[in-house]
Amino acid sequence: MKPQKAREKGRLTILIVDDDEEMGRLIKKVLDREDYHVKVAENATAGLILLQECPFDLVISDFRMPGMSGIELIREARKISPHTQLILITAFGDVQTYLDAMGAGAFEYINKPIKMNDLKAVIRKASDALYPGQGSVFQEGSTP
Numbered sequence: 005m006k007p008q009k010a011r012e013k014g015r016l017t018i019l020i021v022d023d024d025e026e027m028g029r030l031i032k033k034v035l036d037r038e039d040y041h042v043k044v045a046e047n048a049t050a051g052l053i054l055l056q057e058c059p060f061d062l063v064i065s066d067f068r069m070p071g072m073s074g075i076e077l078i079r080e081a082r083k084i085s086p087h088t089q090l091i092l093i094t095a096f097g098d099v100q101t102y103l104d105a106m107g108a109g110a111f112e113y114i115n116k117p118i119k120m121n122d123l124k125a126v127i128r129k130a131s132d133a134l135y136p137g138q139g140s141v142f143q144e145g146s147t148p
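Numbering (my numbering), first residue to last: 5 to 148.
These are computed hints drawn from the structure, not numbers from a lab. Check the hints yourself; a few may be wrong.
[Claimed, not checked] Simulated restraints on C-beta separations:
#1 Asp23 to Asp122: 15 to 25 angstroms
#2 Asp98 to Asp39: 33 to 43 angstroms
#3 Ala125 to Glu25: 38 to 48 angstroms
#4 Asp98 to Glu57: 29 to 39 angstroms
#5 Lys119 to Asp36: 11 to 21 angstroms
#6 Pro70 to Asp132: 27 to 37 angstroms
All values reported here derive from a predicted model rather than from experimental measurement. Idealized CB from N, CA, C, for every residue including glycine.
All chains should be built: construct the whole structure from the sequences, respecting the hints.
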């Protein structure tokens with residue numbers, strides 16, 4: 005299932021998967037201000053269900069969650085929606101985790117604590133990769 009075209013939807017669709025409700029709410033609040041369409045899932049299973057129900061351009065997932073890790077989520081998400089860009093965030097970053105994430109199909113890997121400007125820059129980079137030539141639609145602070 006290919007995500008809907010950015011210009012057709014008017015804004016990027018983002019799914020946040022994090023068992024830390026406060027972190028999920030914080031990221032959503034920041035991205036809502038950027039005029040992205042954002043949904044939050046409290047665990048990997050709920051995230052995969054949402055991904056099956058509707059297309060997302062981007063999934064931002066925590067690495068360490070109960071039941072299923074972020075890397076396992078990436079592998080399963082790739083099967084459901086191969087065109088979706090996947091970003092892994094973690095407080096437990098090391099070289100092996102980075103290699104595992106990228107090997108599973110992650111677009112990018114971000115260490116916690118997250119700097120929101122860095123996250124927004126990675127989202128723009130993912131948008132440019134997903135929709136070449138439409139990057140200006142998703143410039144920081146712009147409203148498509």
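Can you give the numbers of the hints that this structure goes against, from lowest to highest?
Number 3 only.
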